[in-house]
Amino acid sequence: MRRYRWFVVAALGLVAVLTGFLVANIGQDLVYYQTPSDVLADAGRVGAGRFRLGGQVVPGSIVDDGASVTFDVTDGQATVNVAHQGAPQQLFREGIGVVVEGTWDGVIFHSDSMIIKHDEQYRTEDGGVYTPDSRYPSP
Amino acid sequence: MKRPIEIAAAGTMLTALVTGLVVPPDAVQGDVQRIMYVHVPSAWLAYLAFGVTLIASLAHLRTRDLRWDRRAGASAEIGVVFTGLALATGMLWGKPVWGVWWTWDARLVLTAAMFFVYLAYLALRRTTDDPVIRGKRSAVFGIVAALQIPVVHFSVVWWRSLHQPPTILRPGEPQIDPPLLFALLMAVAAFTVLYVALLRRRVELAGAEDALLTTVRIEEPVAGSAVVGPQPRGEGA
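Chains as they are written, first to last, in the working numbering: chain D, 1 to 139; chain V, 1001 to 1237.
Isolated chain D (complex conformation):
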C-alpha cells in the first residue's frame, strides 16, 4: 500500500480540483431554461447571446404564417413574445410547455430551436374513451 500512497494523494487532489471547477462553472447550467420572469428581470440578457427560455404557450396567442410561428410564453407571472423560425414540434399547441432557444432583443425572443416540455400529468380522454382523431388536436 505504501507505494501507492502518493499516487492516491495526487489522484484525490486532482479529483478535488476537477470537482471545484465543475461546481464553480456549472451554476447556471444546471438550470435547463430561464423563465419569462428571469428574462424580464435581467436587463443584461438583451442582445447578450443565446439562451433557453421555457414556459407555457398562452392560449390564443399562436400565429402561424408558414415560415415562422409567433406566440407568447408565460410562467404565470410574466409573458414573453416569441418569434420562432421554422416548423414547430409535433406536440406544439396552446397551453403546452415549451423550451425555445435563441436571442432576446428586449421585445421579442427570436428562436430557431424548439423543444416540447411535457409535464408530469398523464390523462386519458374523457371517460377513458379513445378515438384516433382526438390524439393530435391541431394547435
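Bear in mind the hints are in silico, worked out from the structure with no lab data behind them. By construction, the Cβ of each residue, glycine as well, lies at the ideal position given by its N, Cα and C atoms. A few of these clues could be false.
[Claimed, not checked] Which residues of chain V face chain D? A few of them, derived with a C-beta cut under 7 Å, are:
| hint | residue |
| --- | --- |
| 1 | T1019 |
| 2 | L1021 |
| 3 | K1095 |
| 4 | V1097 |
| 5 | G1099 |
| 6 | F1154 |
| 7 | L1162 |
| 8 | P1171 |
| 9 | Q1175 |
| 10 | D1177 |
| 11 | L1180 |
[Said to hold, decoys possible] Some residues of chain V that are not near chain D, with every Cβ distance over 12 Å (derived):
| hint | residue |
| --- | --- |
| 12 | P1004 |
| 13 | A1010 |
| 14 | R1067 |
| 15 | E1077 |
| 16 | V1081 |
| 17 | A1088 |
| 18 | V1100 |
For chain D, the structure is supplied; the task is to place chain V on it using the hints.
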C-alpha cells in the same frame, strides 16, 4: 430448471405487457406514451439494484462474508443493464415528444454518469483474482457510488429541467389517471419480480465462479503429460 420465482417473473411480465397495450393512451401524447411502461420500471430497477449493491457492500464490510460481495456485484450488473434500458427508452420517447433524442438536461446527464460510474464498478471487480481484495475494494466503491442515487432522482426537483418531475413519487395525488396508473404499477411489479429472479441466478453463478477460482488444483495428469522431453545425459557420456 424453472423455479417458482422465474415462472412468476414470466407470468407478471406477460400480464404487464398485455395491460400496457390495452389501457387507453395519454390524451396528449397518444400511443407513444406507452414507452412509459418500460422506461419508468427500468429506472426504478436501476435505483433498486444500486440500492441493494449499497446494502450488500455495507454488509460485506461488516461481516467480510463473500456472499454479500457477490450479491453486491450481481445487483450492480442488473442495475447497469436497466440503467442502459432507461436511457435507451428515454431517447426513443424523447424524440417524438420533446423533439430531440438527447439534450444536456441535468437528469439525462446525471443518469448517463450513473451508468458509467457503475460500469467502472464492474470493471473494478475484475482488476484482481483474489475475491477477498475484490470484496474490500468494490464494497468501498459501491458505498461511495450510491451517493449519486438521490442526486439523480431529485435532479428534476432541485433544478429546472426538461425532464418531467415525478408523476407518482411526489407529495400529493399521483398526476395520472387510474387505468394508466394501474398499467404502470403492474409493470413496476413485474420488473421487480424479474429483478429478484435475475439476481438469484447471477448470485449462484458468481458463487460457482469464486469456487472455481479458489479451488486448489491437485496435480493430475493432463493431455500430453506422458510425453517426456529429451533428458540430459550424465557428464561426459
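Exercise for the section: Identify every previously stated hint that the structure contradicts and give their numbers, smallest first. Expected result: Hints 1, 2, 3, 6, 8 and 18 contradicted; others consistent.
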